[in-house]
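Visitor: In my numbering, the protein residues as written are 4 to 201.
By construction, these hints were calculated from the structure, which means they are not laboratory data.
Where is the CB? At the ideal position from N, CA and C, for every residue including glycine.
Possibly wrong hints are sitting among the right ones.
[As the list claims (entries may be wrong)] Result set (DSSO-like, lysine-lysine): computed pairs, CA atoms no more than 30 Å apart in a straight line:
hint, residue 1, residue 2
1, K10, K123
2, K57, K10
3, K57, K123
[What the hints assert, rightly or not] Computed spacing ranges between beta-carbons, pair by pair:
hint, residue 1, residue 2, range
4, V164, G30, 22 to 28 Å
5, R41, A149, 45 to 51 Å
6, E27, R147, 26 to 32 Å
7, E141, R9, 18 to 24 Å
8, E68, D146, 45 to 51 Å
9, A122, G70, 16 to 22 Å
10, S78, P148, 21 to 27 Å
11, Q168, P118, 34 to 40 Å
12, D98, H13, 19 to 25 Å
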Amino acid sequence: MGLRERKALHTRTWIADTALDVFEEHGYEETTLEELARRAGVSVSTLHRYFPTKDSLLVDHPSMEIGTLARTFRSRPASEPVAQALGAALLTLLDASDGARDTVRRVRALIDQVPVARAKMWDSTHRETALLAEAVRERIGADRPAEESLLAAEFVLTIVVVALQPAAGGPAGAAERGERLLEMLADPAVLGRIIPQR
4 MGLRERKALH TRTWIADTAL DVFEEHGYEE TTLEELARRA GVSVSTLHRY
54 FPTKDSLLVD HPSMEIGTLA RTFRSRPASE PVAQALGAAL LTLLDASDGA
104 RDTVRRVRAL IDQVPVARAK MWDSTHRETA LLAEAVRERI GADRPAEESL
154 LAAEFVLTIV VVALQPAAGG PAGAAERGER LLEMLADPAV LGRIIPQR
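Use the sequences and the hints to build the structure in full.
Guide: Right, here's the structure in full:
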């Protein structure tokens with residue numbers, strides 16, 4: 004990542020984190036974009052360049068980046084079994100979430116309170132699933148039924164959603180919960196029907 008990209012990411016993260024503070028202090032509905040820009044020390048046009056709508060400050064928060072699973076899965080060795088590569092990609096994502104656990108918790112809590120953000124979050128999850136399914140399909144071969152790669156992607160995303168649930172909480176982090184869920188579902192009789200084999 005070059006200097007310009009790092010600076011843009013820093014600005015984007017600063018604006019999004021400032022928005023979390025303001026939303027928690029004053030409420031989502033009561034907060035204006037002008038107030039957010041003022042608190043972040045940027046112009047309204049700069050805020051709009053990074054986040055075109057108020058709900059995008061939550062749904063597109065840097066801690067909720069779309070496409071991470073597919074990119075991580077693609078980076079795994081081609082010789083690695085699909086199930087193992089998916090598990091590694093899943094745990095990498097959840098480890099990163101644990102590194103920003105407080106931020107992820109705050110973003111998710113606010114999304115749950117804002118219907119339009121909640122609806123868009125489902126769209127984001129759908130996009131993430133589609134990207135991962137495409138990556139799995141590339142690995143197993145386009146001649147295999149598309150349902151195989153889609154089911155594998157849905158399976159992984161379900162673990163992500165459950166592991167990141169605030170209600171799952173407790174002392175364990177998301178990565179530890181994800182690992183437990185993978186172990187629970189690792190019965191070959193179950194996994195062999197869900198994760199495509201090469």
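Visitor: Has the hinted range 34 to 40 Å been met by the Cβ atoms of Q168 and P118?
Guide: violated, 19 Å
Visitor: Given the hint that K57 pairs with K10, test it: the Cα-Cα distance must not exceed 30 Å.
Guide: Answer holds: K57 to K10 is near 22 Å, not above 30 Å.
Visitor: Within 21 to 27 Å: is that where the Cβ-Cβ distance between S78 and P148 falls?
Guide: At roughly 25 Å between Cβ atoms, P148 and S78 fall inside 21 to 27 Å, so the hint holds.
Visitor: Can the suggested window of 45 to 51 Å be confirmed for the beta-carbon pair R41 and A149?
Guide: This hint holds: roughly 49 Å between Cβ atoms.
Visitor: Lying within 18 to 24 Å: is that true of the beta-carbon distance E141 to R9?
Guide: At roughly 30 Å between Cβ atoms, R9 and E141 fall outside 18 to 24 Å, so the hint is violated.
Visitor: So does A122 sit 16 to 22 Å from G70, Cβ to Cβ?
Guide: holds, 20 Å
Visitor: Are the Cα atoms of K57 and K123 separated by 30 Å or less?
Guide: Satisfied, since the Cα-Cα distance of roughly 12 Å is no more than 30 Å.
Visitor: E68 and D146, beta-carbon distance inside 45 to 51 Å?
Guide: violated, 32 Å
Visitor: Quick one, are K10 and K123 close enough, alpha carbons at most 30 Å?
Guide: With Cα atoms ~27 Å apart, K10 and K123 stay inside 30 Å; holds.
Visitor: Could you check the hint for me, namely that V164 and G30 are 22 to 28 Å apart, CB to CB?
Guide: Since V164 and G30 have Cβ atoms about 26 Å apart, the given range 22 to 28 Å holds.
Visitor: Is it true that the C-beta distance of D98 to H13 lies inside 19 to 25 Å, as the hint says?
Guide: holds, 22 Å
Visitor: Regarding E27 and R147, is the given constraint of 26 to 32 Å on their beta-carbon distance met?
Guide: violated, 46 Å
Against the hints set out earlier in the document, violations occur for numbers 6, 7, 8 and 11.
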